[in-house]
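Let's have the full structure, built from the sequences with the hints guiding it.
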Amino acid sequence: MKRSIRPRAVELSRRQFLIRSGVLGAAGLTAPQLLAACGGDDDDTSAPSPTDAPSGSSPSAGGGGDTLFFENWPAYIDPTEDGLTGTVDRFMDATGIDMRYSEAFNDNVEYFAKIQPVLGRGDTIEPDLIAPTSWMVGRLISLGWLDTLPIDQVPNAVNLRDDLVNPAWDPTGEFSLPWQTGFAGIAYNLDVTGRELTSVDDLWDPEFAGKIGALTEMRDTIGVILLSMGVDISTLETFEQAAPAFEKLEQAKADGQIRRFHGNDYFDDLSNGNFAATIGWSGDVAQIQLDNPAVRFLFPESGATSWADAMVMPKGAVNRDAAAAWMDFAYDPVQAAQITAWVQYVSPVKGVREEVEKIDPELADNPLIFPDEATLAATRSFATLSEDVEAEFDAAFSRIIGA
Amino acid sequence: MTAVSTQDAPERVRRPELVGLAALAGAGVLLAAVGARWFTGPLAVVALALVLAAIIWLVFTAVAGGPEARRRIAPYGLLKPGTLWLALFYLAPLVTLLRLSLSTLPSRFAVEAEFSWEFQNYVDAFTDFGPQFQRAFLYAAVATVLTIAIGYPLAYVIAFRGGRYRSLLLGLVVVPFFTSYLIRTIAWRSLLNDNGEIVRFLDAVRLSGLFESIGIMDNGRILQTPVAVIGGLTYNFLPFMILPIYVSLEKVDPRLVDAAQDLYSTSTAAFRRVVLPLSMPGVFAGTLLTFIPAAGDFVNAFYLGSPSTTMIGNSIQDQFLVQNNVPLASAMSFVLMAIITVLVLIYSKYFGTEDLS
Chain A
1 MKRSIRPRAV ELSRRQFLIR SGVLGAAGLT APQLLAACGG DDDDTSAPSP
51 TDAPSGSSPS AGGGGDTLFF ENWPAYIDPT EDGLTGTVDR FMDATGIDMR
101 YSEAFNDNVE YFAKIQPVLG RGDTIEPDLI APTSWMVGRL ISLGWLDTLP
151 IDQVPNAVNL RDDLVNPAWD PTGEFSLPWQ TGFAGIAYNL DVTGRELTSV
201 DDLWDPEFAG KIGALTEMRD TIGVILLSMG VDISTLETFE QAAPAFEKLE
251 QAKADGQIRR FHGNDYFDDL SNGNFAATIG WSGDVAQIQL DNPAVRFLFP
301 ESGATSWADA MVMPKGAVNR DAAAAWMDFA YDPVQAAQIT AWVQYVSPVK
351 GVREEVEKID PELADNPLIF PDEATLAATR SFATLSEDVE AEFDAAFSRI
401 IGA
Chain B
1 MTAVSTQDAP ERVRRPELVG LAALAGAGVL LAAVGARWFT GPLAVVALAL
51 VLAAIIWLVF TAVAGGPEAR RRIAPYGLLK PGTLWLALFY LAPLVTLLRL
101 SLSTLPSRFA VEAEFSWEFQ NYVDAFTDFG PQFQRAFLYA AVATVLTIAI
151 GYPLAYVIAF RGGRYRSLLL GLVVVPFFTS YLIRTIAWRS LLNDNGEIVR
201 FLDAVRLSGL FESIGIMDNG RILQTPVAVI GGLTYNFLPF MILPIYVSLE
251 KVDPRLVDAA QDLYSTSTAA FRRVVLPLSM PGVFAGTLLT FIPAAGDFVN
301 AFYLGSPSTT MIGNSIQDQF LVQNNVPLAS AMSFVLMAII TVLVLIYSKY
351 FGTEDLS
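Top to bottom, those sequences are chains A and B. Take 1 as the starting number for the first sequence in my numbering and just add one per residue. Take 1 as the starting number for the second sequence in my numbering and just add one per residue.
Treat the hints as calculated values from the structure; they're not laboratory data. If you're wondering where the values come from, they're calculated on a predicted model, not measured in any experiment. There could be a bad hint or two in this list.
Said to hold, decoys possible - Below 20 Å or equal to it, Euclidean Cα-Cα: the simulated DMTMM-like pairs (lysine to aspartate or glutamate) are:
(1) A:Lys-248 with A:Asp-232
(2) A:Lys-253 with B:Asp-218
(3) A:Lys-114 with B:Glu-112
(4) A:Lys-253 with B:Asp-258
Stated by the list, open to error - Covered stretches of chain B, as calculated for chain A (at least 3 residues, CB under 8 Å):
(5) 319-330
(6) 337-349
We treat Cβ as the ideally placed atom computed from N, Cα and C, and that holds for glycine.
Below you can see the structure in the form of structure tokens.
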């Protein structure tokens, strides 16, 4: 699964590299950049943008010799395989930037626990870009652990979907740029269940005792259960309103219904039949189906949760130009369509549908990728909780899922 | 000369003896305090200088002091490396952990805990994690008994019937453990898979019904049940039982059994009254080597268990690394240590091997 950072078209990229570094070196621009890369702590001065507004889909900002480290979730970008060049490799070929892409995310809370001791002490973490879920972005912003994005170097940012401009978690829109959005519903293995599932209540069927999973993502697991109970999760204000879902989950755990709480690491269990069903993410099922066509995704009639993962720059990230170039690349509808066609989530980029239609017309009609009115009407995103209430939710949830 | 020295001796000797002890203890405490980061900056430099001075003085007196002083001081000089090692690498972390366990986090996402005599952490450790503590000790105890049941006969056969293949057989016991602990545990996941070979075989030979009724299987699965967790513990700690038992059995002189039989003992009686008692030190050591780490283990329950089979090690790991609640995790670690210590003391009191040595 892990991507290597080997440029494919070696000659081309090397030539580009030489040309660029020659030009930039002549212009005396590489030295300040090197210095900036060594500095690390004062990043405001570390963006000696060589070009004011790089145009088109191959931004030349940064130049060769630049590096970029992006930590993202698993199965969240098209890899180089089956004769197709993945987005990371296409990006490296186009810009000469040496990009390192890793799938370090499994769970927001887990990832936060990893970076908290570092960022909390004012040190910098290694990656230049990370893609936490929106609520975690909000938390990182309020803790002051993020740098603003170099949005002015990302002309393609205008392609951001209208409903994601200045979102609740980042009201000024200067800290985050969504990577993908999608839904959480029920993922199930038809071979094990022996029947099509129709509602969230199927999870509590005693027939599936010990074969049910649930996400460690509180907003998705509790959200899906609450929706099945007829509670609107977008207007939650107090813990009491959500308590029934917590009780339901706790009961299911006590009854031995729940086999395992999982982050993004449920592909194997679902594919090989250890899970009959679990609460999972829409696009993941598309990936699992490659292994096992019997895996299905149920968009519950009672409603699915919708979420967004957004690219943010942790405080002190050094490679700002390269990050800008990457975001610009990923927000080019042509490139974004390649990602969408593979990850099968809802793209935050406008104009992707037209591009996907050229690749695979069938995908363009998939309501899980290009949601229609009915789908959107049945999805809810989890309310932004006040800090005290969020602490209450988190404590109750970690008591259930925690060891 | 002799008269003078005997008269002077008590005075000259008593003082250095106390001073030597004080110097050793003082150096140990200072080093532990530096290790626990109680002293930082210039204070730490002063403390380390004092430790160094104490070491130099002890060495100097032990080497170049008068014969009496040397005799009295030398033991403290010899104790020094061990004491200081323990002070720095055992006492200091322990004190740090104790301090953390009595701290509070000033805010929800704070990084540094503040020391505040927070005994509530200990109350929470007991009240919130009772089931995990119980499961940890239950699973570890069952696994230990199973390792004895499997390991003893194996060690016996290798020791008495192994002949020239002894080393080979012993090597075969150890060879699987050249593979990482983690990899072997994760491998069990694929082996015990709900649709894996083992479960399918049990289904095919119609044993799954029987296994369900005696509780080894649960709704057609072994993985992520208590059986899988205990099985994983047993498997992973087996060599720690086999090797000590083998060592103590190997030392048993077969002629002792002959002697017992010459005295009209049956072979079972000879085993029960001669071989078994002589091998008890091995069983005792193996039990400690198995039970203590098994009670704190979290890998097996993590990979082979479910949310209802978590052990205290999982809870501590979760609090330390996922919830980032370091004070509570430290308190839980201390409670675990305390319980294990008490259990081991009781065990060694009743099953200890002092009378055999």
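Each hint tested on the structure:
Proximity of A:Lys-248 to A:Asp-232 is assessed by CA-CA distance (about 17 Å); at most 20 Å being required, the pair is judged to hold. Between A:Lys-253 and B:Asp-218, the direct Cα distance comes to roughly 15 Å. Compliance with the 20 Å bound is thereby established for this hinted pair. For the hint pairing A:Lys-114 with B:Glu-112, the CA-to-CA distance comes to about 15 Å; that is within 20 Å, so the pair holds. For the hint pairing A:Lys-253 with B:Asp-258, the CA-to-CA distance comes to about 59 Å; that exceeds 20 Å, so the pair is violated.
Counting residues of the region 319-330 of chain B whose beta carbon lies closer than 8 Å to any beta carbon of chain A gives 5, which meets the minimum of three for the stated coverage. Here's how the region 337-349 of chain B fares: 0 of its residues keep a CB closer than 8 Å to some CB of chain A, so the rule of at least three is not met and the hint is violated.
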